[in-house]
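Participant: Sequence:
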Amino acid sequence: MVSVKPNYPDAYLRSPVPADHVRLQENLRAPMRDGVTLAIDVYSPKQEGRYPVLLSLSPYSKDIQQNPPQWSHAIESGATGFYVSHGYIHVIAQGRGCGLSQGQWKWFDEKERTDGYDLIEWIAQQPWCDGNVGMIGDSYWSWSQYFAAAARPPHLRCICQCDATTDLYRDAAWPGGIFNSAFMTDWIAYQTAMSAWPGEVEGKSPPMNTHFEIANHPVDGPWWRERSAITYVDQIDVPVMSIAPQGGQMHFRGQLAGYAQIKAPKKLLVVPLTGFWSHVRYLTHPALNAQMLRWFDHWMKGKDTGLMEEPEVAIFDSGTRSWSHDVAYPSPRTKWTNFYLDGATLTQTPPSGAQEPDSYRLPDSYALHVKGKPSLAYESAPLQAPLRLAGPLSLTLYASSSQIDTLWFINLLDVDGDGKATALSRGMLRASFRAVDEDKSQPGQPWHPFDKMEPLQPGGIYEFQIEMRPVFHTFKQGHRLQLTISSEDIQFNNPLRNIDVQLLPWPVENRIFHDAAHPSRLVLPICAADETKPVAAPIKDIDWPLVPGQWMPDTQGYPLKA
22 MVSVKPNYPD
32 AYLRSPVPAD
42 HVRLQENLRA
52 PMRDGVTLAI
62 DVYSPKQEGR
72 YPVLLSLSPY
82 SKDIQQNPPQ
92 WSHAIESGAT
102 GFYVSHGYIH
112 VIAQGRGCGL
122 SQGQWKWFDE
132 KERTDGYDLI
142 EWIAQQPWCD
152 GNVGMIGDSY
162 WSWSQYFAAA
172 ARPPHLRCIC
182 QCDATTDLYR
192 DAAWPGGIFN
202 SAFMTDWIAY
212 QTAMSAWPGE
222 VEGKSPPMNT
232 HFEIANHPVD
242 GPWWRERSAI
252 TYVDQIDVPV
262 MSIAPQGGQM
272 HFRGQLAGYA
282 QIKAPKKLLV
292 VPLTGFWSHV
302 RYLTHPALNA
312 QMLRWFDHWM
322 KGKDTGLMEE
332 PEVAIFDSGT
342 RSWSHDVAYP
352 SPRTKWTNFY
362 LDGATLTQTP
372 PSGAQEPDSY
382 RLPDSYALHV
392 KGKPSLAYES
402 APLQAPLRLA
412 GPLSLTLYAS
422 SSQIDTLWFI
432 NLLDVDGDGK
442 ATALSRGMLR
452 ASFRAVDEDK
462 SQPGQPWHPF
472 DKMEPLQPGG
482 IYEFQIEMRP
492 VFHTFKQGHR
502 LQLTISSEDI
512 QFNNPLRNID
522 VQLLPWPVEN
532 RIFHDAAHPS
542 RLVLPICAAD
552 ETKPVAAPIK
562 DIDWPLVPGQ
572 WMPDTQGYPL
582 KA
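Numbering-wise, the sequence shown is residues 22 to 583 according to my numbering.
Since the hints were derived computationally from the structure, they do not count as laboratory data. There may be inaccurate statements among the hints.
Unchecked claim - In the DMTMM-like style, the derived pairs of lysine to aspartate or glutamate whose C-alpha atoms are separated by at most 20 Å in a straight line are:
1. Lys554 <-> Glu331
2. Lys287 <-> Asp325
3. Lys497 <-> Asp439
4. Lys561 <-> Asp551
5. Lys497 <-> Glu475
6. Lys554 <-> Asp536
7. Lys461 <-> Asp255
8. Lys287 <-> Glu247
9. Lys554 <-> Glu330
10. Lys322 <-> Glu69
11. Lys132 <-> Glu234
12. Lys561 <-> Asp379
13. Lys356 <-> Glu221
14. Lys26 <-> Glu221
15. Lys132 <-> Asp151
16. Lys287 <-> Asp255
17. Lys561 <-> Glu331
18. Lys394 <-> Asp439
19. Lys127 <-> Glu234
20. Lys284 <-> Glu333
21. Lys473 <-> Glu234
22. Lys132 <-> Glu223
23. Lys127 <-> Asp255
What the hints assert, rightly or not - Distance ranges between label pairs, derived from CB positions:
24. Thr206 <-> His107: 37 to 43 Å
25. Thr443 <-> Gln147: 45 to 51 Å
26. Glu552 <-> Trp572: 37 to 43 Å
27. Pro27 <-> Pro52: 19 to 25 Å
28. Gln146 <-> Asp458: 19 to 25 Å
29. Lys284 <-> Asp472: 40 to 46 Å
30. Thr443 <-> Glu552: 20 to 26 Å
Remember, it's a predicted structure, so these values are computed and weren't measured experimentally. Glycine included, each C-beta is placed from N, C-alpha and C at the ideal position.
Work the whole structure out from these sequences, hints included.
Facilitator: Pasting the structure below:
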């Protein structure tokens with residue numbers, strides 16, 4: 022028995038309330054190889070028996086997982102009642118050092134990375150498990166799947182992920198070598214609260230100082246590599262279903278980059294934009310979960326669902342709001358096409374002769390950013406025919422700065438005939454991290470080592486290759502492509518600036534070059550949809566509206582019905 026001294030009255034320490042058809046065994050103890058025990062909840066069909074088990078593992082509170090996901094982004098473990106109704110047991114495990122679990126949370130240190138293997142093999146030996154274990158869950162619950170699968174536990178049959186980046190440096194903490202202040206500050210507070218809950222637990226230690234460790238590791242290296250799934254994904258040998266919500270600010274780029282390196286049987290679903298609400302769609306959308314059920318039934322029950330006879334990739338086009346199949350990601354049918362900056366325009370014709378560079382200053386341009394406007398914008402002529410982009414993309418930018426370092430924030434937008442602009446993709450790069458490893462780079466995917474900062478020579482012209490989030494979108498006839506460039510983003514960056522006063526000195530004047538000697542250009546993945554293989558249900562029925570903001574006023578769709 023593990024002793025607990027809660028910080029709260031007993032009335033606040035409420036147990037999860039399962040659906041009527043679900044039986045709950047609460048706070049069982051699963052031993053890990055270092056002697057630590059993790060607290061787990063087991064949700065089973067009412068009828069006794071041995072069942073295949075879906076495991077969800079995360080430091081996020083297991084005790085809140087049966088509440089509506091609209092109430093917290095930590096509610097991401099999966100639609101428990103739905104899968105129990107279909108003959109599965111759902112095990113929700115509290116990650117080490119959080120809640121009632123022992124140990125210390127250190128953000129995917131070696132001990133956390135091995136917990137998935139130990140849990141899977143412990144579950145497989147329980148009298149209620151038939152020996153088949155899969156994994157389910159969104160975001161952090163997906164991160165843990167990578168490490169468990171790469172460790173190759175004998176009883177793991179498949180995994181199913183959503184919002185699952187593979188690179189904690191490039192996508193979570195330091196995208197483009199720029200501290201992700203807005204997200205990381207909120208997330209560390211969020212994670213720390215779950216580590217402290219519900220109070221003192223025998224054998225549980227305070228978490229690592231995440232803010233300090235991130236600030237102390239501003240360049241990529243061993244500390245980040247050991248914690249990032251991209252280091253291990255090529256070791257995965259169990260089938261992988263990867264559900265990638267478009268436009269995800271943190272997960273989308275790294276999830277797709279990691280998917281391309283997985284050698285096991287796999288399926289990719291590029292689903293509609295979710296905004297803040299990927300976890301809600303993952304837990305409540307009927308067609309999406311019907312597709313996930315086909316996946317689990319095939320690999321865990323041996324049912325012939327027909328899923329593996331379908332093409333590997335299914336893509337939702339955010340412009341046409343329609344689905345199409347492809348044989349791989351990135352698509353081998355991609356035609357990589359340059360759109361050059363020429364004056365204030367974007368054109369497929371390279372610039373000729375000399376042109377004056379464009380320029381702007383900081384902090385002067387703050388006035389534009391407060392109004393939601395960029396420092397510079399470039400726009401194509403109205404398209405004469407629809408143009409479909411499908412895959413990774415980048416910007417090759419020739420620029421100079423009056424200071425030793427600066428930032429680039431890049432956006433691609435779709436502008437309709439009425440001038441309404443829809444944001445599609447963003448990229449960012451700290452200028453001192455401009456070095457590119459050509460051997461690891463691919464079209465639309467320049468690979469920056471981020472292993473050392475190289476200050477600029479003020480006034481010198483440099484080439485910057487800036488990776489942007491992948492796009493799956495058809496620009497309609499008459500629409501325009503718009504590219505915006507700034508060196509500040511007040512919604513992303515740290516308004517307190519702290520050490521940026523040293524690292525990014527002001528005032529600064531930045532100049533953008535687009536002449537024959539400096540052909541700044543977008544590298545775009547033009548790829549017509551393959552209409553020879555129609556997409557069938559349930560995939561074709563996966564669609565939802567984009568709900569703005571971070572508060573959903575209702576709990577529509579919860580709980581998901583069988």
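Participant: Please go over all the hints and tell whether each is borne out by the structure.
Facilitator: A quick look at each hint next to the structure:
1. Lys554 <-> Glu331: Cα-Cα ~9 Å, so holds.
2. Lys287 <-> Asp325: holds, 16 Å
3. Lys497 <-> Asp439: Status holds; Cα separation ~13 Å.
4. Lys561 <-> Asp551: Measuring from Cα to Cα gives roughly 15 Å; hence the hint holds.
5. Lys497 <-> Glu475: Violated: Lys497 and Glu475 sit about 41 Å apart, past 20 Å.
6. Lys554 <-> Asp536: Cα-Cα ~43 Å, so violated.
7. Lys461 <-> Asp255: holds, 15 Å
8. Lys287 <-> Glu247: Violated, at roughly 24 Å.
9. Lys554 <-> Glu330: Roughly 12 Å between the alpha carbons, so the hint for Lys554 and Glu330 holds.
10. Lys322 <-> Glu69: holds, 18 Å
11. Lys132 <-> Glu234: holds, 17 Å
12. Lys561 <-> Asp379: With Cα atoms ~45 Å apart, Lys561 and Asp379 exceed 20 Å; violated.
13. Lys356 <-> Glu221: This hinted pair is violated, its Cα atoms lying about 58 Å apart.
14. Lys26 <-> Glu221: holds, 5 Å
15. Lys132 <-> Asp151: violated, 27 Å
16. Lys287 <-> Asp255: Roughly 12 Å between the alpha carbons, so the hint for Lys287 and Asp255 holds.
17. Lys561 <-> Glu331: holds, 13 Å
18. Lys394 <-> Asp439: holds, 18 Å
19. Lys127 <-> Glu234: This hinted pair holds, its Cα atoms lying about 10 Å apart.
20. Lys284 <-> Glu333: It holds: about 13 Å lies between the C-alpha atoms, which stays within 20 Å.
21. Lys473 <-> Glu234: holds, 17 Å
22. Lys132 <-> Glu223: The hint holds at about 18 Å.
23. Lys127 <-> Asp255: Cα-Cα ~24 Å, so violated.
24. Thr206 <-> His107: 37 to 43 Å: holds, 40 Å
25. Thr443 <-> Gln147: 45 to 51 Å: Holds: the Cβ-Cβ distance is about 50 Å, inside 45 to 51 Å.
26. Glu552 <-> Trp572: 37 to 43 Å: About 39 Å separates the Cβ atoms of Glu552 and Trp572, which means 37 to 43 Å holds.
27. Pro27 <-> Pro52: 19 to 25 Å: holds, 23 Å
28. Gln146 <-> Asp458: 19 to 25 Å: Violated, at about 45 Å.
29. Lys284 <-> Asp472: 40 to 46 Å: violated, 26 Å
30. Thr443 <-> Glu552: 20 to 26 Å: holds, 24 Å
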